[in-house]
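Novice: Each chain, letter by letter, is given below.
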Amino acid sequence: MEVLNGKSVFSGIAIGKVSIYNKGDGQVKREKVTDTAAEIQRFEAAKEKAKEQLGELYEKALREVGEVNAMIFEVHQMMLDDLDYVEAITHMIENQSINAEYAVATTGDNFSEMFASMDDDYMKARSADVKDISNRVVSILQGRDNSGLSSDEPVIVVADDLAPSETVQLDKSKVLAFVTRHGSTNSHTAILARTMNIPALIGVDYSDDMNGKEAIVDGYNGIFYVEPESKVVDEYTQKREEDANKKRLLQELKGKGNVTIDGKRINLYANIGSVSDVAAVLQNDAGGIGLFRSEFLYLGTDTFPTEEEQFNAYKTVAENMAGKKVIIRTLDIGADKQVDYFNLEKEDNPAMGYRAIRICLSQPDIFKTQLRAIFRASYYGNISIMYPMIISVNEVQQIKKIVEEVKAELDAQGLPYGDVEQGIMIETPAAVMISDLLAREVDFFSIGTNDLTQYTLAIDRQNPKLDSIYDSHHEAVLRMIKMVIDNGHKENCWVGICGELGADITLTETFLKMGLDELSVSPTFVLKVREKIRSVDTSK
Amino acid sequence: MKEFNYTITDAQGIHARPAGLLVKMAAGYPCKVTIAKDGREVDAKRIMGVMSLGAKMGHIVTIKADGESEDDAIEALETFMKENL
Numbered sequence: 001m002e003v004l005n006g007k008s009v010f011s012g013i014a015i016g017k018v019s020i021y022n023k024g025d026g027q028v029k030r031e032k033v034t035d036t037a038a039e040i041q042r043f044e045a046a047k048e049k050a051k052e053q054l055g056e057l058y059e060k061a062l063r064e065v066g067e068v069n070a071m072i073f074e075v076h077q078m079m080l081d082d083l084d085y086v087e088a089i090t091h092m093i094e095n096q097s098i099n100a101e102y103a104v105a106t107t108g109d110n111f112s113e114m115f116a117s118m119d120d121d122y123m124k125a126r127s128a129d130v131k132d133i134s135n136r137v138v139s140i141l142q143g144r145d146n147s148g149l150s151s152d153e154p155v156i157v158v159a160d161d162l163a164p165s166e167t168v169q170l171d172k173s174k175v176l177a178f179v180t181r182h183g184s185t186n187s188h189t190a191i192l193a194r195t196m197n198i199p200a201l202i203g204v205d206y207s208d209d210m211n212g213k214e215a216i217v218d219g220y221n222g223i224f225y226v227e228p229e230s231k232v233v234d235e236y237t238q239k240r241e242e243d244a245n246k247k248r249l250l251q252e253l254k255g256k257g258n259v260t261i262d263g264k265r266i267n268l269y270a271n272i273g274s275v276s277d278v279a280a281v282l283q284n285d286a287g288g289i290g291l292f293r294s295e296f297l298y299l300g301t302d303t304f305p306t307e308e309e310q311f312n313a314y315k316t317v318a319e320n321m322a323g324k325k326v327i328i329r330t331l332d333i334g335a336d337k338q339v340d341y342f343n344l345e346k347e348d349n350p351a352m353g354y355r356a357i358r359i360c361l362s363q364p365d366i367f368k369t370q371l372r373a374i375f376r377a378s379y380y381g382n383i384s385i386m387y388p389m390i391i392s393v394n395e396v397q398q399i400k401k402i403v404e405e406v407k408a409e410l411d412a413q414g415l416p417y418g419d420v421e422q423g424i425m426i427e428t429p430a431a432v433m434i435s436d437l438l439a440r441e442v443d444f445f446s447i448g449t450n451d452l453t454q455y456t457l458a459i460d461r462q463n464p465k466l467d468s469i470y471d472s473h474h475e476a477v478l479r480m481i482k483m484v485i486d487n488g489h490k491e492n493c494w495v496g497i498c499g500e501l502g503a504d505i506t507l508t509e510t511f512l513k514m515g516l517d518e519l520s521v522s523p524t525f526v527l528k529v530r531e532k533i534r535s536v537d538t539s540k
Numbered sequence: 541m542k543e544f545n546y547t548i549t550d551a552q553g554i555h556a557r558p559a560g561l562l563v564k565m566a567a568g569y570p571c572k573v574t575i576a577k578d579g580r581e582v583d584a585k586r587i588m589g590v591m592s593l594g595a596k597m598g599h600i601v602t603i604k605a606d607g608e609s610e611d612d613a614i615e616a617l618e619t620f621m622k623e624n625l
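Top line first, the protein sequences correspond to chains A and L. Residues 1 to 540 (our numbering) are what the first sequence spells out, left to right. Residues 541 to 625 (our numbering) are what the second sequence spells out, left to right.
Just so you know, the hints here were simulated from the structure itself, not pulled from any lab data. Just so it is clear, the structure is predicted and the values come from calculations on it, not from any experiment. Beta carbons: idealized from backbone N, C-alpha and C, even for Gly. Accuracy of the hints is not assured; some may be wrong.
Unchecked claim - For the chain A half of the interface with chain L, some residues (derived, Cβ under 10 Å), not all of them: (1) 72; (2) 75; (3) 79; (4) 81; (5) 83; (6) 115; (7) 125; (8) 486.
Using the sequences and the accompanying hints, generate a full structural model.
Specialist: So, in structure tokens, the structure goes:
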């Protein structure tokens, strides 16, 4: 197995046989001619034929890649008619009494040089265009058939370089991927490959003897495997299938509503743990962020994150979500996490210890810093807050008092903030049992099913010995969810789930029937859950 | 003879696609049309020349029309530049 590296121009996975693209041998010899007028005629005829072929390519490209990208072939036609170009060729034929092939090839090279030496990446890439049209005219003069692929099954096209016309000329249904030795990410071929949705790599130093060999193109990582081992093939076959499923889902479901067959709607959001996750949220078409874990700001550093650092992170996310809801959870840290600067004492039971809101309420400085940052960021988007690990009404009242202090401080400083919804995580049995009382104090509930299940079943999730009795669908948990939804609704709170159970599509119908208002899942699950929602009929 | 100066605002400058459109438009007029940058003047009906000017964002080009229908040409070209470059 050979493993070659290259640069990816378009991602995706292709598995198949290599077909080395033949440019045909176009060696051009300089020959003397006696009848220069006739030779010029030959050139003119070939030029017209080339323009005709380009016209056909334009039509094909129009259908396959759209007007903007097809335009290059119209430009090619114009280049062929350019008087500077044409006159250079005809003068060369007349003055040197040489054959049209040589005149065209040389002029092509000259103009190509001129563009290549320009101080502009885009213009440099045009030198390939001039070469392309000249090669076409020379091929016609030589009576060569512009060969290309000679296979019936789809192949991975491998070539030294591919000109735009060569890329479009290929029968798309026969191309699994492109791999070239040269080329640039700005080249027209790259643009066309992207538009045609075909994985492509450039800068791959392949050997010429690989025609017909099995290969894998990894457009995500820029790797080309030749004669891959069977376990590599298996790995990529799976990746390719996942890829295809994702693409299919995306195509079918992006922009569609989260609505059941009988018209029931539910909000579908995503859970993230860092600012860079926002891209995945938007790509997967989530309606908002149902859980923004703020711990990343506190981990991997040896001092408390400043208000400014936090503010910038929250603001960036809020702005990138452009009005879609962002629910930020205040710090949910305990002795089980590596945060020496918090000076947390070692505990025997960190899951039930000094953590999360307990730290915040006993160390209001830390809490206020985070709250100030969140409130300030709320001015730039649609932000809500939720507080973790709540067990009493008293805790919530304390929180609200501190929030009022924070708002007063910001008002005094003239710092603006938005209207921030206040919610709590329901992840303790206590919170479930008094959810009727808690509902009066807040705007929403988000059920943290992972911890709720753990505390309710008295099972440590990390203990593999107990896997066989850990039932995430336990009746107790389901009844608790129903109770929380009902109690929440009585006081006009919306209720959502941000734990792993939200992505469990065997329960989606159950949740919908219970009247759940929101599901927040990992970005990669959003479309799968949407697909499930749209297939359910809660009236049946 | 009519002319106007224009500062390129397009981030890519005069690249293949608008060059093609410009040449197409200029070729539609009987008068002579040229485009110049830094004192170098080329025939606006010849695409190789137009592209070879290497006009980028921020550069000032001078477009001239001389002959029959020069007023129409100049007006159309000015609109074209504003809309595409």
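Novice: Take the shortest C-beta to C-beta distance between residue 72(A) and chain L; is it under 10 Å?
Specialist: holds (6 Å)
Novice: When the nearest CB of chain L is found for residue 125(A), is that gap smaller than 10 Å?
Specialist: With a closest approach of 9 Å, the residue 125(A) hint holds.
Novice: Is the interface hint satisfied for residue 486(A)? The criterion is a beta-carbon contact with chain L at less than 10 Å.
Specialist: Violated, because the Cβ-Cβ distance from residue 486(A) to chain L comes to roughly 57 Å (cut-off 10 Å).
Novice: A closest beta-carbon separation below 10 Å is what the hint needs, so does residue 79(A) meet it against chain L?
Specialist: holds (6 Å)
Novice: Is the interface hint for residue 75(A) satisfied, with its Cβ closer than 10 Å to some Cβ of chain L?
Specialist: Nearest chain L Cβ about 4 Å off; hint holds.
Novice: Does residue 83(A) pass the interface hint, meaning its C-beta sits closer than 10 Å to a C-beta of chain L?
Specialist: holds (5 Å)
Novice: Checking hints one by one. Is residue 81(A) an interface residue toward chain L, by the C-beta closer than 10 Å rule?
Specialist: holds (8 Å)
Novice: For the restraint on residue 115(A), tell me whether the closest CB of chain L is nearer than 10 Å.
Specialist: Where the cut-off is 10 Å and the nearest Cβ of chain L is about 7 Å from residue 115(A), the hint holds.
Consistency with the previously given hints fails for number 8 only.
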